[in-house]
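Those protein sequence lines, which keep their order, are chains C and E. Everything in the first sequence is counted per UniProt numbering, starting at 1 for the first residue and increasing by one. Everything in the second sequence is counted per UniProt numbering, starting at 1 for the first residue and increasing by one.
Keep in mind that a hint or two might mislead.
Stretch-level coverage of chain E by chain C, calculated; a stretch enters the list once three of its residues show a Cβ under 8 Å from a Cβ in chain C [claimed, not checked]: (1) 10-18; (2) 214-220.
Examples of chain C residues toward chain E, derived with CB under 10 Å [to be verified]: (3) R72; (4) K76; (5) Y80; (6) Y88; (7) D90; (8) S102; (9) L129; (10) H149.
Hints in this document: simulated from the structure, not taken from any laboratory. Keep in mind the model is a prediction, meaning the values are calculated, not measured. Every residue, glycine too, gets a C-beta built ideally from N, C-alpha and C.
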Amino acid sequence: MKPISVHHAHKSYGAKEAVKGISFEVDEGLLFGLIGPDGAGKTTIFRILTTLLKPDKGEALVLGLDVVDDYRQIRKHVGYMPGRFSLYQDLSVEENVAFFASVFGTTIDANYDLIEPIYSQLEPFKDRLAGALSGGMKQKLALSCALIHKPEVLFLDEPTTGVDAVSRKEFWQMLHRLKEENITILVSTPYMDEAEQCDRVALMQDGQILSIDTPERITKTFHNQLWAIKTENKYQLIQLLRSYEYAESVQPFGEYVHYTDKREEVQAEHIMEYLKSKGVINPTVVAIAPDIEDTFMRLMEQEETYE
Amino acid sequence: MRTIRFLLQKEFLQIFRNKGMLPIIFLMPVVQLVLLSFAATYEIREVNFHLIDFDQSEASQQLVQKFQATGYFNLQSSSFNVDDGIEKMRSNDVRLALVIPQDFEQRLKLGQFASVQLNIDAVDGTTAGLIQGYGRSIIQDFSSRIRPNVENIKLTNQQGIEVIPASWYNPNLDYIQYMVPGILVVLISMIGMFLSGMNIVREREIGTIEQLNVTPIKRYQFIIGKLLPFWIIALFELGIGLLIAYYGFGVPFVGSAWLLFGIAGIFLLVVQGLGLFISTITDTQQQAMFIAWFLMVVFILMGGLFTPIQSMPVWAQELTIFNPIAHFIEIMRSVMLKGAGWFEVQHLVGLLTVMAVLILPASIFRYRKSTS
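I would like the entire structure built from these sequences, with the hints used as guidance.
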């Protein structure tokens, strides 16, 4: 029995089809990431799996239980952290955790060992109202509340959105620790760099899954050599590369432009020469290994041309 | 049961922490009753009037003095032209133009029928009615006293029917006694309809409902957790209001308090059901507030609080059967002022019960649908 399995799930909001026949499975004790831009349908999948929405077609099972027929059972065994902070801002840290513990029929003390690494950081502020916490603190509180009943599956919808870099890093460390407790975690994020923290990822775009694999294997599907190119004028560079006859893909990436070529045996010199011939002075062209973001961009582009 | 207890605990914690709301809840009955008793009154004082006395006799002067002596009227000006009086009325200098005809004293002395004219500014119908009432009673009083001075009338034994009015249950026609029960009804309706409905919408507006829905809390537990605190607060408020009315303003309480609180409990279920229903059709507190106010104003205007239901057109009177506030105002007045018992109010309680039985489950049903 897989903790999470979704088969051909569809969901529409009026005329807009948010999820277009998605299927995936998550093995026990895995940290599974749904990666995709805003509007890809990630939150809809979370809401289906947490029994807040019924799929129009297809089925979704959590811990082997159907999200429509057995929603009551599921709710006892899953933890959910919605994308938007959804705790009581007018209750204190401790009151929030105690309240959620009580509605699950447990207490803070009973499951303290599980939340200890997270909650201990909050304890100095336990009398502070949740509304007065910083973004990172709120996120830790929300995670504590989602964990207080020792769930078997944890759903985290964009937990790191709007959180500073240090807190984000800490947060992923906490997730790895939870994995060791054999909790299955489904997490979504719009940040590609976080995808590499997951055991497996599903790249999502426009209500569909483009690819499911480990982050390493997904980046390996990137066959062509990837080049990072930098010049003084990035805009001009993008224009030049796009009009280059051998160009396969051109993606701005921070101060660099990531570029792939159609030719099999292309050298950095070929690209340099082309740019110099167009009057670019001192271009930097470096061969780099693709990361998941490059893969995602390429898959998205393929999808668009395919359509 | 345990879950409900935890939900209630949480609600009360939030309510008592809400610094913007809590003082208002307890200040409201005091402010409303104080304002009502000192400011909102139907009594009129010092109404300016214009005098057109064509008679210029002893009798006419006595009548004018009598008008002034009551304290209700104040002689602003006088002339010998009725149009002056009308003009003064138009410019809002006076509200009454009193015209005494030339043969006033003479006719009185001859024992004939004498008349005076009261021209009243009736833009404000209520005030006009009061001026007319006061004026009429002053003139009647005058005519009954003038008789002994008019020697040469043949005192024919005036056969006729004298009407002796006696105001029961409110002997002095005290406005406060009549209004207090109604104001208290509005007070607890506001708590029932606004606060509990608003509280549910708030959970949706700030997104906490999302988190709650993924817990094993059942909907009925959630709804009880939302309605019960304000049910309790509203009854508590009613108690405070009644104490203030009884000890502070001397409003009598003749009937049974148990009966009244029992019925109030049913009435609150009706208004809370309405509040819950509003919460199921709205997404924000603003929308909910707006709809609740709309309903509330209709209920109050047609509920017999300010204007008697008996003076409404027939269609409006028939519509009041759907107005819980009208029924409860009537019950409150009967029980408080008349000491009505179960037998006298049972048909109204029956109506309220039917409403509660219909509205509450309907709202709960709609609540389920709107959130699943």
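Hinted contact Y80(C) with chain E - closest CB pair below 10 Å: Hint on Y80(C): holds, closest Cβ of chain E at ~4 Å, below 10 Å.
Interface hint status, D90(C) versus chain E (Cβ within 10 Å): Holds. Min distance 5 Å.
Status of the hint placing S102(C) at chain E (closest C-beta pair under 10 Å): This interface hint holds because 4 Å falls under the 10 Å limit.
Chain C over the stretch 10-18 of chain E, status - at least 3 residues with CB closer than 8 Å: holds (count 5)
Y88(C) as chain E interface residue, shortest Cβ-Cβ below 10 Å: holds, 6 Å
Restraint satisfaction for H149(C) [CB to CB of chain E, less than 10 Å]: At 8 Å from the nearest chain E Cβ, H149(C) passes the 10 Å test, so the hint holds.
8 Å C-beta criterion, at least three residues: is the stretch 214-220 of chain E covered by chain C: holds (count 4)
Given hint R72(C) near chain E, where the shortest CB pair must fall under 10 Å: holds, 7 Å
Satisfaction of the K76(C) interface hint, Cβ to chain E closer than 10 Å: Hint holds; K76(C) Cβ to chain E Cβ min 5 Å, cut 10 Å.
Per-residue hint verdict: L129(C), partner chain E, C-beta under 10 Å: holds, 8 Å
No hint from the list above goes unmet by this structure.
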